[in-house]
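**Q** The task is simple: from the sequences and hints, build the whole structure.
Here is how the chains run, residue by residue.
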Amino acid sequence: MSAPNKEYDPVEVSALDPAAIDAALSAAVAAIAAASDLDELKAVRIAHAGDRSALALANREIGALPPAAKAEAGQRVGKARGLLKKALEERQVQLEEDRDVRVLVAEAVDVTLPVDRAQVGARHPLSTISERLADVFVAMGYEVAEGPEIEAEWFNFDALNIAPDHPARTMQDTFFVESPDSGVVLRTHTSPVQIRALLERDLPVYVVCPGRVFRTDELDATHTPVFHQIEALVVDEGITMADLKGTLDHLAASVFGEGLVTRLRPSYFPFTEPSAELDLQCFACRGASVNNPDAPCRTCSSEGWIEWGGCGMVNPRVLEACGVDSERYSGFAFGMGLERTLMFRHDITDMRDMVEGDIRFSAAFGMEG
Amino acid sequence: MRAPISWIREFVDLPAGLSGRELSAALIALGLEVETVDVVADVTGPVVIGRIESIEELTEFKKPIRFCHVSVGESNGGVRGIVCGARNFAEGDLVVVALPGAVLPGGFAIAARETYGRVSDGMICSSRELDLGDDHDGIMVLEAGSAEVGTAAGELLGFGEEVLDIAVTPDRGYALSIRGVAREAAIAFGLPFSDSATELAPLSAPVPDSQPRSCALIDSSACDVFTLRTLLDVDATRQSPLWLRQRLIAAGMRPVSLIVDVTNYVMLETGQPLHAFDADRVAGGLVARRATNGESLETLDHVSRDLDPEDLVIADDNGPLALAGTMGGTSSEIDLGSRNILLEAAHFDAVVVARMSRRHRLSSEASRRFERGVDRAIAPYASERAASLILELAGGRSAGMTAEEAPHEEVTITIDADLPERVAGMAIGPERVIENLTQVGCAVTAAESRLDVSPPSWRPDLTDPADLVEEVIRLIGYDQITPTLPAAPPGRGLTEAQQLRRRASRGAVAFGLIEVLSYPFIGEHDLDLCQIPTDDARRTFVRLANPLSEEQPGIRTTLLPGLLNAARRNVSRGADDVAIFEVGSVAFGVVGDSVTPPRLTASRPPSADELDALAAAIPSQRRHLAGLALGSVERPGWWGAGRDFVWSDALRIATGIVEDLGVAVSVDAAAYLPFHPGRCAVLSIVDPESNDDAMIIGYAGELHPKVCVSWDLPPRTCAFEFDLDAVIAIASDEVRRGPRFHSMPVAKEDIALVVPVDTAAADVAAALANGAGSLLESVRLFDVYQGPQVAEGSKSLAFSLRFRAADRTLGVDELSQSREAAIAAAETACGATLRT
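Sequence order for the protein chains is A and B.
For the first sequence, the positions run 1 to 369 when the working numbering is used.
For the second sequence, the positions run 1001 to 1836 when the working numbering is used.
In short, the hints are calculated from the structure, not lab data.
A quick note: this is a predicted structure, and the numbers were derived from the prediction, not measured.
The beta carbon of each residue, even a glycine, is placed where N, CA and C say it ideally should be.
Be a bit skeptical, because a hint or two may be false.
[Stated by the list, open to error] Listed next, the in silico DMTMM-like pairs over lysine to aspartate or glutamate satisfying Cα-Cα at most 25 Å (straight line):
| no. | chain 1 | residue 1 | chain 2 | residue 2 |
| --- | --- | --- | --- | --- |
| 1 | A | Lys79 | A | Glu89 |
| 2 | B | Lys1706 | B | Asp1535 |
| 3 | B | Lys1706 | A | Asp358 |
| 4 | B | Lys1795 | B | Asp1750 |
| 5 | B | Lys1706 | A | Glu356 |
| 6 | B | Lys1748 | B | Asp1807 |
[To be verified] Just some of the chain B residues that point at chain A, by a computed CB distance under 8 Å:
| no. | residue |
| --- | --- |
| 7 | Ile1028 |
| 8 | Glu1033 |
| 9 | Thr1036 |
| 10 | Val1423 |
| 11 | Tyr1478 |
| 12 | Asp1479 |
| 13 | Val1516 |
| 14 | Arg1573 |
| 15 | Ala1575 |
| 16 | Asp1576 |
| 17 | Ala1617 |
| 18 | Ile1618 |
| 19 | Gly1637 |
**A** In C-alpha cells:
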C-alpha cells in the first residue's frame, strides 16, 4: 500500500484513471452477466470485487492522492463499487431463483403412483343407518332409549299385551334362556324398550329405540336370526293417528328422499290398537310401474309399495301396565327392520352379506349409512 | 285362509267382472292381508271331456302302455288316438282330454307327437296335471253321466278359479271362514250381506224311532257350547262330488272321504270346526271334560299321546276319544264301513286349545280356528248345514240333535261417540261411528254422547273401546287421515354415553379397522379353539333353551370368537390383510339358578321392588369393543417393504381408542388366553372421581400361536378386547380442561441406560420422570438395544427428555442437576446404569 501523500504528487496513479475505472466496471458487469450459475458468480465476485480486483486496488490508491483529489476520486470509485455490488446482488438473486426452479423440477414425482399404503377403516352400514335414522328423530327432539338384549319376558311380552298363550310366545319364534320357564328371553323386538322408557321417564315421552333383536329363523337371503330394528314411541296428550302418519312420512322423506310417502294398512299387533302395516312408496319407481307392463319394477314387483314395518296407536292396556293414565294420554309407536331398510336403500340383495363379516361388504360403505 | 272367489260370491253379490286383484285391494284396505291371488288350474286352449272308446294294450315296452281311441266330439276331430301310461280306467269311462294347442299349469304345452311307436294326438289328464289335486292313482275318471262328451272341461272343473290367499291376523278368527271373508267383501263394496250360514232350511224331522246320543259339558270355562247330532244309515263309501273336492283343493285341503270332506267344507264355509265320530265305536253319550292323569289317546296322526290334566277331551263312557278342537282319535274314526255317525260341533276356549295344541305340538285346521276365536253362536247352524249335506250326498236319516250350553254373559262396551275421531285426528261424526260398528255386526245403542256397543258373536276380539275405534277407522280407511306432525318438547340430543359410543367406533375406523357384526352365539368348542381354561369365567355363559345349533348353545362372553370366525372367512376368501372390529354385547352369569323373575301381571305397573326383582333376574350385559388384525399394517409398495401388524399395533389401537374417549389407560404384562403368554398386555383405567384401585378393562397383544393355527389364521395375528361400558362410565363424567403450556425455550437431553433385560421399559420411564423433577416436560423412549455393545443379560434403553420452565430459560446447572437426579432415580428403582 502506498503511503499517504502529504503533498501533491505529480505522479498520476493509473488505477484511478476515470477511464480505467469505467473499464474495470464494464468488465465486471459483463462478467456478472455472463455468470451462468452461482459457482461462476462466486468466481466473478472474487475476480471483480475481491481484494485483488481492479476496483479494490483503485480504492486503496485513493489514500495516496493529494487531499484535493481525494474527494473526486473517492466519489468516482465509490460509485463504481456501488454499481458493482448492486449488479452482483441482482445476479445472485436471479441465479438463486434459477437454481431453485431447477431443483423443484428435478424433484418432481409421479403423483399417479398408488398411495394405498394401509387399509382404510369402515363402519358396518347397519350401524351407520341406525345412527342416521336415530338422528332424524333426535333432530325432532326425541331422545334415544335403550334396553338389554337378554330381557325379562314381562317387558318383552306381558307388558306389551302379549298374553302368556299368544302364538308369538312359542319356541318357534322366541329364543328362551334356559330353562324354557326361566322368564328370560332374547328380546324378539325393540318394543320392550318402550315399556322401559314409559316406566323410567317423565311424560311426555318422545323416544326412538334402535337395537339388536332375535328370532329363531334360519339364516337365508331374506332372514337372519339376529337382526336390527328401530322403533319410535310417542306418548303425550292428544296424540292421534294423523300424528303417526305425519311422523312416518317425515321419516320416509328423510331416509329415502323428498316426497316419498307411506301407506297404512289395518293389521294386528297386541301392543297397538288400532294397528297397521306400514308400506313405503317404492323409492325406485315411485308407483310408476303399477299396471305398466312396459316399465316393470324389480324393487316393488310393480306393486308400487314395499312393506317396511308395523305401527299403531299404543294400546291403552300397555299404557296402564306402565302406570300411564290412558284417559289423559295417548300415543303412537312404530318400528321397522334395519336390514330391510338397508336392502331397500342400498340395493343389497342378500342378507347374508350383512352377517358374514366379509370386509369387502363394510368397506364398500366407508362411513356412509 | 284360501278363499275361492266363486265361493265368496255365494254369500255376497259382488259386481260381475270384479277381478281377484280388485277384490284383493279392497280387502287389504280393510285389513285382511291378502298375500297372493292364485289361479287354480291355470289351463288355456282346448281341454275337453272325452270317452274311452277302445283300449289297445302295448306290451313290447318296459312298462305296460295303452293306446286309446277317445271320442272328443265331432267339432274336436271325432275320435283321436292317444297314448296313456295310466291303467285306472276302462272302455266307456269319461275322461279329461287336453288337445294339441292346450297349455296346462306350469306352461306344459300339448302337441301331437310320436311316442311308443304311435302318434299321440293329445293327452288324457290326471288331476295333478290339471292342478286339481295330487292324486297319484292315475288319470281323472269322471262319474258316468256327469258331463257330455266334447264339451269344454273348464267350467265343470273350475279352470282359472281365482283364490285369495289371506294371512289372517290372530285377532280376526272370523276371517278363517268364507262367511267371514264375504262379510268383509260386502263391507268393502257397500253391498248387503245376508248371513246364509244362519238362515238354513230346517232338516226334516228326526225319525221317531231313535234318540240322539246325549252330550254334556263338564267344565264350562273350557267348553261352553256342545252340540251332538246323530245320523243313521249313512253310506260312507260314496265319493265326494267333484264340486266338493274342487272347493276343498282350491282352499288348500286334501279330500279324504265324503263324511270328512263335508265336515271340512262346512268348517271352511262357516268357521266352525266339526268332528264326526263312528257312533258304533262310541260307548254311550259324549262329554267334554278335562283329561285325568294316566289317560292316553292315539290321535288321527297315529301318535299315541299321554294326556295332561289340563287337556280338554271329548270322551265316551270308556275314556277319551278326541283332543277337543284339535284332533280326533283313531278308536272312533270314521271309515268307509261306518253307518251311523255322531257329528260334534262345539265351542272351546281359545286358551285351552292353544295350550293343548302347543303342549302336544299339534296344530290343525280346527285348533288354528279355536285359538283365534270361533263364533260362539254358529255351532248348531254348522251342524245342521253339515248334516243336510251328508244326508243329501250319503243318504241316511237324522236322529236329531242334543245341545248343551253354559250361561253366557253378553259383553257391552261403552265408548264416547267421539273417541274414534279423537284417536284418528279427523272429523267422523257419531252417525258414521254407529254405521260402521253396525256394519261389522255390532248392536249399538246411543245414549247422549256415549254409545253402548254389543259386539257380535263372531267377534270375541272386540273387548275394549280401542278395538271399536279400530273397526270404525279401518272402515273409513286409514288413507283418509291427513298427516300432521306432533311437536316434541326440546330434547337433549344424544346422551354423553351415546356420543362416546359412536366416537369409539369412529376411533376404531380411524385406526383403519373395518366394522363387522357377528352373531352373539357361542359354544364350548369356540372357547376350546381359543384355549380358554376350563375354570375361566368366560366358560360360564348364558344358555339358550332352544339354540339354533347345539354347537353354539350360549350367549357370548367375549367378542373374540366372532372376530376370529370372520377373520377366518375373509382369509379363506383370499384376503391378505384383515383388520376388523366389533362393538357388541356380552353376557355373564347363569339365569335361573339363583334368581328367576317374578311372574307379574300387566294389568298394573310393577312396584319398585318388583322392578328390582326383574332386573336381578336378567344376566349382566356389557358392551365390549374388540379388534383383530393380520397381514400388513402398511402394505409393501413402491415406497418400501411395508410392515405387518404386530402386538404393539393391537396395543396402540386399543389404548388409542380409550384415550380418544378421554380416559388414561395403563399397561402391564399379563398372561391371558387366547393371547401369547409373553406378548399380552392388560389394560387398566382409574376413575379419577373415586378412590378405587385401577380397574382391568381388557387385553391386547398377539394371539397364542395355537389359537392362530386352530382358526386357520397366519401366525402373529393380533387382537384386543376391552369393556367399552367401563371406559364410557368414566369418560362420560369427564369434561376435558384446556391445557396449560409455556413458551420458554425447551432443553433436550438424551439418556441411554443399561438395565437387566427383563426390566419393563415403562418402569424405567416412570423412574426417570419421577426423579427428573418439576422441570421435566416429557420423557419418551426412542430406542431399545440388545447385543454385543452391552453386557449379556442387559439391554440399553435410550430416552429423550425435554425440560422447560414456566418463567425462564433453563440454566446449564439446573438442567444438569435434573438430568442427574433422573438417572439416579432410575438407578435406584431399576438398577439402571448410564451407558457410556
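**Q** Now tell me, hint by hint, if it's right for this structure.
**A** Structure-based check of each hint:
Note on lysine 79 of chain A and glutamate 89 of chain A: the hinted pairing holds, with a Cα-Cα distance of about 15 Å set against a maximum of 25 Å. Between lysine 1706 of chain B and aspartate 1535 of chain B the CA atoms are separated by roughly 19 Å; this keeps the pair inside 25 Å, and the hint holds. Of the pairs offered as hints, the one joining lysine 1706 of chain B and aspartate 358 of chain A holds, with about 24 Å between alpha carbons and a cut-off of 25 Å not exceeded. Of the supplied pair hints, the one linking lysine 1795 of chain B and aspartate 1750 of chain B holds, its CA atoms being roughly 16 Å apart against a limit of 25 Å.
Taken as a hint, the lysine 1706 of chain B and glutamate 356 of chain A pair is honoured in the structure, with Cα atoms around 24 Å apart against an allowance of 25 Å. Taken as a hint, the lysine 1748 of chain B and aspartate 1807 of chain B pair is honoured in the structure, with Cα atoms around 17 Å apart against an allowance of 25 Å. Taken as an interface hint, isoleucine 1028 of chain B checks out: its beta carbon lies about 6 Å from the nearest beta carbon of chain A, inside 8 Å. With a least beta-carbon distance of about 7 Å to chain A, the hint placing glutamate 1033 of chain B at the interface is held under the 8 Å criterion.
A least Cβ separation of about 11 Å between threonine 1036 of chain B and chain A goes past the 8 Å threshold, and the interface hint is therefore violated. For valine 1423 of chain B, the suggested interface contact is upheld, since its CB lies about 6 Å from the closest CB of chain A, less than 8 Å. Annotation: tyrosine 1478 of chain B was flagged as interfacial toward chain A, and the flag holds, the nearest CB pair being 4 Å apart, inside 8 Å. A least Cβ separation of about 7 Å between aspartate 1479 of chain B and chain A falls short of the 8 Å threshold, and the interface hint therefore holds.
Because the beta carbon of valine 1516 of chain B sits about 4 Å from the nearest beta carbon in chain A, less than 8 Å, this interface hint is met. Among the interface hints, the one on arginine 1573 of chain B holds; its C-beta lies about 7 Å from the nearest C-beta in chain A, closer than the 8 Å criterion. This hint holds: alanine 1575 of chain B has a C-beta 6 Å from the nearest C-beta of chain A, less than the 8 Å allowed. Contact between aspartate 1576 of chain B and chain A, as hinted, is not supported at the beta carbon level, the nearest pair being about 10 Å apart and thus beyond 8 Å.
Hint status for alanine 1617 of chain B relative to chain A: holds, with the closest Cβ pair at about 6 Å, below 8 Å. Residue-level restraint check for isoleucine 1618 of chain B holds (minimum Cβ-Cβ distance to chain A is 6 Å; threshold 8 Å). Against a cut-off of 8 Å between C-beta atoms, the interface hint on glycine 1637 of chain B holds, since the closest Cβ of chain A lies about 6 Å away.
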